[in-house]
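J.: Let the sequences and hints guide you as you build the complete structure.
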Amino acid sequence: MKITCIIDYNCPYSYIGLHRIKKACEKLDLNAEWEMRPFETEPQAGKRTAMSITERYAEKYEISMEDASKKISEIEEAAREDGLEMNFRDITLTSSKDPLRFTKYVQNDHPDLSLDIVEEIFKANMVENINLTNIDRLVEIAVSCGLEETDARKILENNYFNIDVFRDMEEAISSGITTTPCFILEEDGSETIIREALSTEEFAKAISDLIS
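Its first residue numbered 27, the sequence shown is counted upward by one per residue in the working numbering.
I should point out that these hints are in silico values taken from the structure, not numbers from a laboratory. By construction, the Cβ of each residue, glycine as well, lies at the ideal position given by its N, Cα and C atoms. There may be inaccurate statements among the hints.
Stated by the list, open to error - Here are the simulated BS3-like cross-link-like pairs (lysine-lysine), alpha carbons at most 25 Å apart as the crow flies:
#1 Lys48 / Lys28
#2 Lys97 / Lys53
#3 Lys149 / Lys28
Claimed, not checked - Have a look at the derived ranges for each label pair, beta carbon to beta carbon:
#4 Glu88 / His136: 39 to 47 Å
#5 Ser238 / Asp162: 18 to 26 Å
#6 Asp235 / Met91: 35 to 43 Å
#7 Asp235 / Leu139: 27 to 35 Å
#8 Asn188 / Ile219: 46 to 54 Å
#9 Glu92 / Ser238: 21 to 29 Å
#10 Glu103 / Glu154: 17 to 25 Å
#11 Ile237 / Asp135: 38 to 46 Å
#12 Arg193 / Asn160: 37 to 45 Å
#13 Asn57 / Lys96: 26 to 34 Å
#14 Asp135 / Glu197: 34 to 42 Å
#15 Asp162 / Arg193: 42 to 50 Å
#16 Leu54 / Lys86: 21 to 29 Å
#17 Asp135 / Asp162: 19 to 27 Å
T.: Laid out in structure tokens, this is it:
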């Protein structure tokens, strides 16, 4: 089975959903082929005045700061219930373009490392609260996953794969996918599209139904 994950590093549900679908595959003893596709949900993050994630949620969903804070607490609690550490409240909301470009490079040139790289970048953002535009930290992650420092730095310090990220987003939008996460399951010519972070059990059922 091939599983395509359309994700963004500023999206907590992308992190939670990836964790759950991976657990579902482990539960089913399924050795899936993984493809990571970038989708930038906050393209203006690097251009607007810096704001907390609570302020951004209040603005985005047109709710009070108190309600935004409660929403963030609910997201963090959902992650913890799945055994996933998350400190979403304190992330630095910056552009995810650089790690998304790098993800596209890894998917193209080192597909066997794509899942590991994505998980480590998510952890760095959602737990350690790194700045996603910090090239040195992204290079450290790349090296820790087995990539060469010179190759990683070459991609990250230039605009390589910018167009590829844009094309992936355009393709997703043309297919009716307008946000993250989205998971596309493919098996023997059949396809199931899941547009949310289902529970581990629901992911397992969707996978089982497709391969049965």
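J.: Does each hint fit the structure? Answer for all of them.
T.: Evaluated hints:
1. Lys48 / Lys28: 12 Å, holds
2. Lys97 / Lys53: 30 Å, violated
3. Lys149 / Lys28: 24 Å, holds
4. Glu88 / His136: 39 to 47 Å: This hint holds: roughly 41 Å between Cβ atoms.
5. Ser238 / Asp162: 18 to 26 Å: 47 Å, violated
6. Asp235 / Met91: 35 to 43 Å: Holds, since Asp235 and Met91 (Cβ atoms, about 42 Å apart) stay within the stated range.
7. Asp235 / Leu139: 27 to 35 Å: 30 Å, holds
8. Asn188 / Ile219: 46 to 54 Å: 26 Å, violated
9. Glu92 / Ser238: 21 to 29 Å: 46 Å, violated
10. Glu103 / Glu154: 17 to 25 Å: 20 Å, holds
11. Ile237 / Asp135: 38 to 46 Å: 29 Å, violated
12. Arg193 / Asn160: 37 to 45 Å: 26 Å, violated
13. Asn57 / Lys96: 26 to 34 Å: 40 Å, violated
14. Asp135 / Glu197: 34 to 42 Å: For Asp135 and Glu197 the Cβ distance comes to about 20 Å; the hint is violated.
15. Asp162 / Arg193: 42 to 50 Å: Cβ of Asp162 to Cβ of Arg193: about 28 Å, so the range 42 to 50 Å is violated.
16. Leu54 / Lys86: 21 to 29 Å: Violated - the Cβ-Cβ distance for Leu54 and Lys86, about 35 Å, lies outside 21 to 29 Å.
17. Asp135 / Asp162: 19 to 27 Å: 21 Å, holds
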